[in-house]
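Engineer: One line per chain: the protein sequences are A and B, in this order.
Position one of the first sequence corresponds to residue 93 (the numbering used here), numbered consecutively onward.
Position one of the second sequence corresponds to residue 8 (the numbering used here), numbered consecutively onward.
FYI, nobody ran anything at the bench for these hints, they're computed from the structure.
Values in this document were obtained by computation on a predicted structure and should not be read as measured data.
Glycine included, each C-beta is placed from N, C-alpha and C at the ideal position.
Take these hints with a grain of salt, some might be off.
For each label pair, taking beta carbons as the anchor points, the in silico distance ranges come out as [to be verified]:
hint, chain 1, residue 1, chain 2, residue 2, range
1, B, Gly87, A, Gln145, 37 to 45 Å
2, A, Leu157, B, Ala271, 18 to 26 Å
3, A, Leu108, B, Ser47, 26 to 34 Å
In silico DSBU-like links for lysine-lysine, alpha-carbon gap of 30 Å or less [to be verified]:
hint, chain 1, residue 1, chain 2, residue 2
4, B, Lys387, B, Lys162
5, A, Lys191, B, Lys222
6, A, Lys150, A, Lys140
7, B, Lys341, A, Lys147
Listed below, chain by chain, are the residues.
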Amino acid sequence: MAYFERQRTSRNIMKLVYGEFEIGNKTKEPEESEGQSDEEEIGGLFKKVTSTQKKKHKEKEQLDLDECSFFYSLDKPKLRDWLNEANKQLIANSFVTGKRSA
Amino acid sequence: MPATVHNDVLIYKGSNLFRQRLLLSTLSGRSIKIVEIRSSHDDPGLKEYEVNLIRLLDKITNGSRVELSETGTSMYYQPGILIGGQVSHSCSTQRGIGYYLEVLLALGPFCKEPLNAVLQGVTHHNLDVSVDKVKAAALPILLKFILVDDGLELKVVRRGAPPLGGGEIVFKCPVRRHLRPLQWTKWGLVKRIRGVVYALRVSPTMANRVVEAAKGVMLKFLPDVYINTDQCRGPNAGKSPGFGVSLVAETNENTFYCAEAKSAESGAGETTLPEELGRACALTLLDEIHRAGAVDSAFQWLVALWMALGQKDVSECVVGPLSEYTIKFLQHLKEFFGVMFKLEALTDDDEDSSEDEDKVTTAQKIKMTCVGIGYVNISKRTL
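With the rest of the complex left out, here is chain A (with noise of 0.2 Å):
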């Protein structure tokens, strides 16, 4: 369901499909800067995560994943009640015995 929001709330789904590349394909890797200003550190102790850190995190959680071409793929759909009143309602006129559009 989380997936349903982020795809209403994005504006331009080619922007979320073909956000990754910039227009023509990359022949390399962007040199990354190690050591960059935006490590701050909270008290001496501990290291604030970048974003850039926790991008590369998910990346690295996607890397080995399971293949599936489910539309929810991996976890369990959390499905709505479909026989509750109110989501009836939302797909009584998806079928032949539903109300007539004109």
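Take the given structure of chain A and dock chain B to it, following the hints.
Structural biologist: Okay, now just chain B, sitting in the frame of chain A:
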């Protein structure tokens, strides 16, 4: 993650989307290299089912070259020419036959000889589309691209549940010089519900209980519900016990949505109640109907592939919300073929549903448009 290109070889990291990459590599003729395959796992390298997929690709192509590193954590694949023809393959039981069948389906029209494949293995699997689903929902899509059905066929000879499998199917696919462009923007209304319930090495009443529950839900929406039971006996029931259901909703514009559910594997420590299974499957189908679109969500990527490989003409298709898998596939299509789709979110222009509430809850529809690259099957001569 975008690939890096080195000497015209696409280099990827990780085992994720292995199948997509091999498939597109075979079609495009571009070599790929995949590195860091489960390199940090306890069990590094390619899994059995992935090696099995390479074997299958090797069988239907000529001149493919595969180089695996000693640890199996990196591989190089140089695709050969698609041949097709008679193939017999025993699939790994770690994945369903659907995992392999989808590849054959995607490659089928571009082979030199019409594909006639016998696949053995697990016919129903949690991670993969079942053979019933391919038959019900994917074959009609291919028909839209090839128009004339001369020998497109999928026969389920035997069913087989995980973990041991023992199922068998026969898949036949005609070849085409090129695919037709597709205009598919309407999907109509659901007019009938059909389904199959199979029971393998379990009491036949299980099947009937599933039917009862699934039918109970679907009848609240539509009177035209008919669910078949497939009681398999003897060797036709495969090697492991299990039962499951697949429901198909057919619309009056020839769109098929399909939902499936199956029992937990025997020995997994869980029990599945047939009533719950039937109900769960029916709810999944309703969810699919709610998301709508001209194709079933599991086959969005197949449509995208065939649209991209069509004649140099505009194809368009309206689908429901894109699945994660499709998004990845579109990215790969761009990398291998340089095809970019135009994707637009359609706003609801229903005049009668003016309440704002209604608009928020209907799932988004996406219109995919692209110009085919004019992919020609050079092995197929024009008559």
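Engineer: Against the earlier hints, flag every one the structure doesn't satisfy and list their numbers going up.
Structural biologist: Hints that this structure does not satisfy do not exist here, as all of them hold.
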